[in-house]
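Trainee: Sequence:
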Amino acid sequence: MLNSVLAEVASEHVTRSASETLGKKRQKMFRPVEWNSTLKAHTTVTLAAAVMSLGTVVYNTVTRRFSTILLASAFGAYAFNYSLDGLTNFYWDTKNANKQWKDIKQQLAQE
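The sequence shown begins at 1 in full-length UniProt numbering and counts up one residue at a time.
Derived from the structure by calculation, the hints contain no laboratory data. Heads up, the beta-carbon is just placed ideally off N, CA and C, and yes, glycines get one too. Treat the hints with care, since some could be wrong.
FRET-style restraints, in silico, Cβ to Cβ [what the hints assert, rightly or not]: (1) V58 to S83: 48 to 58 Å; (2) Q107 to Y78: 34 to 44 Å; (3) A49 to S83: 25 to 35 Å; (4) T46 to K95: 27 to 37 Å; (5) N60 to F80: 37 to 47 Å; (6) G76 to L47: 19 to 29 Å; (7) L84 to A50: 26 to 36 Å; (8) N89 to E111: 35 to 45 Å; (9) T61 to I104: 48 to 58 Å; (10) K99 to L47: 40 to 50 Å; (11) I104 to G76: 34 to 44 Å; (12) I69 to A109: 51 to 61 Å; (13) K102 to A50: 44 to 54 Å; (14) S83 to L47: 22 to 32 Å.
From just these sequences and the hints, can you work out the full model?
Mentor: Below, the structure is given as structure tokens:
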């Protein structure tokens, strides 16, 4: 009789303390976040983790094998050449507007 009463009280105590602990954990998880240095540090850590995971993805997809490094560098060189050529042509055409043959050809043809 006494053992059953003690077991019932003990199980009620354990259940209550477990639910109280769970309630405290939930309160910590879902409390409103304030902007402070802790959040800033957490954001920095999260950003660092994202950069590290990006590095892991790049390592696993590109730099793990020499053939993929070679293909990536060839594609990168082609893309760099194409974009640099386009940018320099745009800059040259902007700086020399109305001075190039393509700009004055119609003016000379009309005269």
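Trainee: Does the structure break any of the earlier hints, and which numbers would those be?
Mentor: Checked against the structure, the hints that fail are numbers 1, 4, 5 and 8, while the rest are satisfied.
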